[in-house]
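The listed protein sequences derive, respectively, from chains H and X. Take this note's numbering: the final residue in the first sequence is number 289, and no numbers are missing along the way. Take this note's numbering: the final residue in the second sequence is number 291, and no numbers are missing along the way.
These are calculated hints, taken from the structure and not from any lab test. None of the values given here were measured: they were computed from a predicted structure. Worth double-checking, as some hints may not be accurate.
[Stated by the list, open to error] In silico BS3-like links for lysine-lysine, alpha-carbon gap of 27 Å or less:
# : chain 1 : residue 1 : chain 2 : residue 2
1 : H       : Lys-143   : X       : Lys-244
2 : X       : Lys-269   : X       : Lys-193
3 : H       : Lys-233   : H       : Lys-143
4 : H       : Lys-233   : X       : Lys-244
[Stated by the list, open to error] Derived Cβ-Cβ restraints for the label pairs, each shown as a range:
#  : chain 1 : residue 1 : chain 2 : residue 2 : range
5  : H       : Ala-47    : X       : Leu-27    : 33 to 43 Å
6  : X       : Leu-270   : H       : Leu-75    : 26 to 36 Å
7  : H       : Val-276   : X       : Met-66    : 39 to 49 Å
8  : H       : Ala-47    : X       : Gly-48    : 36 to 46 Å
9  : H       : Thr-194   : X       : Thr-182   : 54 to 64 Å
10 : H       : Lys-143   : X       : Asp-106   : 34 to 44 Å
11 : H       : Ser-50    : X       : Arg-62    : 42 to 52 Å
12 : X       : Ser-137   : H       : Trp-28    : 23 to 33 Å
13 : H       : Asp-104   : X       : Ala-42    : 21 to 31 Å
14 : H       : Pro-231   : X       : Pro-147   : 47 to 57 Å
15 : X       : Thr-182   : H       : Arg-101   : 56 to 66 Å
16 : H       : Pro-231   : X       : Ser-198   : 22 to 32 Å
17 : H       : Ser-50    : X       : Phe-52    : 50 to 60 Å
In this text, a Cβ means the ideal position worked out from N, Cα and C, and glycines have one as well.
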Amino acid sequence: MAPVLLARAQRLELPSWLQMSWSWRITWLYMAFVLFLPLGALALKAASVSPDQFWRLATSPEALATYRVSFGLSLLAALLNGVFGLVIAWALVRCSFPGRRLLDALIDLPFALPTAVAGLALAAIYSTNGWIGGPLFALFGLKVSFTWLGVAIAMVFISLPFVVRSVEPVLEALERDQEEAAWCLRASPRQTLTKVVLPQLMPAILAGVAQGYSRAVGEYGSVVMISSNVPFKDLITPTLIIQKLEEYDFEAATVIGMVMLGFSLLSLLMINGLQVWGRHWEANPASGA
Amino acid sequence: MASLFRGLRLSMPKFQAASLIPVIAMLYVGVIILLPALEVVAGAFAKGLAPFIENFQSEELRSAVMLTLRCTAIAVPANTIFGLAAATAIARRQFRGKALLLSVIDLPFSISPVVVGLMLVLLYSPTNGLLGGVVSSLGWKIIFSWPGMALATIIVTFPFMAREVIPLLEEEGWDQEEAARTLGASNWQVFWKVTLPSVRWAVVYGLILTTARALGEFGAVAVVSGNIAGQTQTLPLFVEDAYKQYNTELAYGAALVLASAGFVSLLLKLFVEQLIGGARKESVPELESAS
Numbered sequence: 001m002a003p004v005l006l007a008r009a010q011r012l013e014l015p016s017w018l019q020m021s022w023s024w025r026i027t028w029l030y031m032a033f034v035l036f037l038p039l040g041a042l043a044l045k046a047a048s049v050s051p052d053q054f055w056r057l058a059t060s061p062e063a064l065a066t067y068r069v070s071f072g073l074s075l076l077a078a079l080l081n082g083v084f085g086l087v088i089a090w091a092l093v094r095c096s097f098p099g100r101r102l103l104d105a106l107i108d109l110p111f112a113l114p115t116a117v118a119g120l121a122l123a124a125i126y127s128t129n130g131w132i133g134g135p136l137f138a139l140f141g142l143k144v145s146f147t148w149l150g151v152a153i154a155m156v157f158i159s160l161p162f163v164v165r166s167v168e169p170v171l172e173a174l175e176r177d178q179e180e181a182a183w184c185l186r187a188s189p190r191q192t193l194t195k196v197v198l199p200q201l202m203p204a205i206l207a208g209v210a211q212g213y214s215r216a217v218g219e220y221g222s223v224v225m226i227s228s229n230v231p232f233k234d235l236i237t238p239t240l241i242i243q244k245l246e247e248y249d250f251e252a253a254t255v256i257g258m259v260m261l262g263f264s265l266l267s268l269l270m271i272n273g274l275q276v277w278g279r280h281w282e283a284n285p286a287s288g289a
Numbered sequence: 001m002a003s004l005f006r007g008l009r010l011s012m013p014k015f016q017a018a019s020l021i022p023v024i025a026m027l028y029v030g031v032i033i034l035l036p037a038l039e040v041v042a043g044a045f046a047k048g049l050a051p052f053i054e055n056f057q058s059e060e061l062r063s064a065v066m067l068t069l070r071c072t073a074i075a076v077p078a079n080t081i082f083g084l085a086a087a088t089a090i091a092r093r094q095f096r097g098k099a100l101l102l103s104v105i106d107l108p109f110s111i112s113p114v115v116v117g118l119m120l121v122l123l124y125s126p127t128n129g130l131l132g133g134v135v136s137s138l139g140w141k142i143i144f145s146w147p148g149m150a151l152a153t154i155i156v157t158f159p160f161m162a163r164e165v166i167p168l169l170e171e172e173g174w175d176q177e178e179a180a181r182t183l184g185a186s187n188w189q190v191f192w193k194v195t196l197p198s199v200r201w202a203v204v205y206g207l208i209l210t211t212a213r214a215l216g217e218f219g220a221v222a223v224v225s226g227n228i229a230g231q232t233q234t235l236p237l238f239v240e241d242a243y244k245q246y247n248t249e250l251a252y253g254a255a256l257v258l259a260s261a262g263f264v265s266l267l268l269k270l271f272v273e274q275l276i277g278g279a280r281k282e283s284v285p286e287l288e289s290a291s
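Only chain H is shown next, with the shape it has when bound in the complex (with noise of 0.2 Å):
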């Protein structure tokens, strides 16, 4: 292997070796240091519980009851932000209107408003005498802020960036001509997005969904404020994480962690694959139906 690095080296005249090599160096000794020490000491830990007492800690009812605070509830905001980020999308790219700027440059908050700012401003707001959660409370008697729909509403803001990003380019290199020449076949309004404009959006919408899923089911900061962190109310699991180290509880801890890390590779993994499938289907449409 490394003769043949060599000689590619030399052909293509690149630098010494030497340099090459410090960046490499540079590189894996900081993943190391910042990711692989970390990641192992989570995984040893894990490894010094016994698989019976991993299975009885990952799924006690308490544990359970996060997961579906958790992983619920996200999908939920996922799906919500699904249609509605395809909206947004539409609107930034195919329309012009009084304001598209800001909606464009608004877009992008939640990635740079910090999560304890968002969490803050978000329980005020929905608390039952803030702007949006005072009228719900007097007209619907609804309670948004400290209960699960407040961990939604958090869920909401901070995954709404992704499904608008992702589908975006995609609209923006979707070809008119093909509506056009749906519509010269006579096809209806409805049959041209269903039939044409959709399925070529999928991919990118699926990924941006995965994201924005992936993102809400690990937020912490804007969810702990707005949440009343009462278990198997709305308790989610990061926070359960937090309670069991504060009580020295490391054991429930880091399966708990371990159970969250899995989920974080297997959407990793389904992100990279949808985005594959994406690109595939642009550069390949027919073969992807």
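Keeping the supplied structure of chain H fixed, place chain X upon it in accordance with the hints.
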């Protein structure tokens, strides 16, 4: 006449739907994003400017600001060096496992910040950590202290720079570096005078993203900090703590500082995007005349 009628009937619903889309988009973004942003400003100045300024006499708030700045000042340069090293090592080179390596670099984006904090506790905690013995025998304090918090910030923000620089470097190709080298430039000179200038906007962009995230990081830092007011409290932790203790004004004051940093980063990002857009447009005619 009939065809005109049909044309009208066809175009009517289309017109309505088309004008509805921006309205729905604006409403949704308005409720979900714009209102919270306005709430921060309104809440901070709810009782006028004087109480807001008074907040900053709080010793704890000032120490939180300093600690946040310290963590950011450590994380940003460290990740910049790593990002540039990784980019020069990985981009423009094909090897087996390259896609895997790129995914591994992206990993901190998909791991929950709380799990990042947990990993650090399991590694460095003096009582339960894998390296706990080593850490305490050296007399270091990592967990419940600023080094752990800086490390947590580093892990959470470390993909940003590499992700911005690698794709751009891949696009650029080797030609200019090779030219510089045939003219007798050393590796170091090539890096400073050719490679770095060619990716400068990606680096600036990466700096903005890394800084914004480092200033606002909450989950990972919360786990390793121990949250001792005046000692191991960063600005986001301070916001939560003040809010929990019904010290609303102080919470909003600190939140507005953080939010302003977020707004500034957003504006800078837009500004840089504009600059890059301008630079691309300028460089296109050049390329055409060259070919």
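Determine which of the earlier numbered hints do not hold for this structure and return their numbers in increasing order.
5, 8, 14, 15, 16
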